[in-house]
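Chains as they are written, first to last, in the working numbering: chain A, 1 to 120; chain B, 1 to 133.
The set of hints was computed from the structure by calculation and includes no laboratory data. Note that CB positions come from ideal geometry on N, CA and C, so glycine has one too. Among the hints, a few may not be true.
Said to hold, decoys possible - Example chain B residues on the side facing chain A (calculated, C-beta under 10 Å, incomplete):
| hint | residue |
| --- | --- |
| 1 | Gly14 |
| 2 | Gly20 |
| 3 | Ala24 |
| 4 | Trp26 |
| 5 | Leu28 |
| 6 | Gly33 |
| 7 | Leu34 |
| 8 | Thr47 |
| 9 | His48 |
| 10 | Thr57 |
| 11 | Ala58 |
| 12 | His85 |
| 13 | Ser86 |
| 14 | Phe130 |
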Amino acid sequence: MLFRYRGGEGMLAWAFHRISGVAIWTFLLLHVLDIWLAGVNPDAYDEVLKIYGSPVGRVGEMLLGAALLYHALNGLRIIVIDFWPALTRFHRAMWYACWVIFVVVGVPGAYLILKPIWNG
Amino acid sequence: MSGPRRIITRAGSGRPQTGGWELAVWYLMRLTGLGLFVTALAHFSITHFLFDPAEQTAGWILDERWGSLAWRTVDWLMLGFVVFHSFMGMRTVVGDYTRGGVRVALTMGLYLGAFVLFALGTIAVASLPFPVD
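Please model the complete structure; the sequences and the hints are all you need to start from.
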């Protein structure tokens, strides 16, 4: 259904870019605060760290990594299109290329992040 | 190529034609984006692939992660990139979905939030003591 909307891949690329961007921004607020905590109250920071190391935390980090990787790859695609407008013809192909890299890099990455859940 | 076709075939916003501050922001979004492509992806790789999140205690940050001035400088640079890029990105989102007084209030809130977060991050990276060796 999403693919048949007038905007097609370009609209999806934009929507995912926006959603992943807002998600990363939300994590950034948390992340700067927790690193600030490492300085002012190391013991409290180490407590927060237990959440990052927990199964729920790891699933969250995998999702964060996915958002980061998509945003980075599609962001590069935006820059290419912005500075070489002639390449706009290939914007769909570049979007699919983003997804190929996303899967090739993301699947092993997700495995590494999640592995301690079942390896203990 | 200009007009509607350009609008539906790109994910980014068009280059501002007015110049000045908005044009500077447009370029800086792309520049900080490139900077983050390197620093943020490297940061995520270090904290998730080279090391496991579970071992990164406050003591580890002091001894290993921020044990050198070079790493602190890189991370502080990344902080500058990410605060500008993410808060200016949120400004675009706010601009798209709100208008009038709400837009002004939320935009001012974002500028204030960016300043506070940059200050907190700078305090963290600059004030943590180095290990004694």
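| query | Which of the numbered hints above does this structure break? | reply | Violated hints (numbers, rising): 2, 3, 5, 14; every other hint is consistent with the structure.
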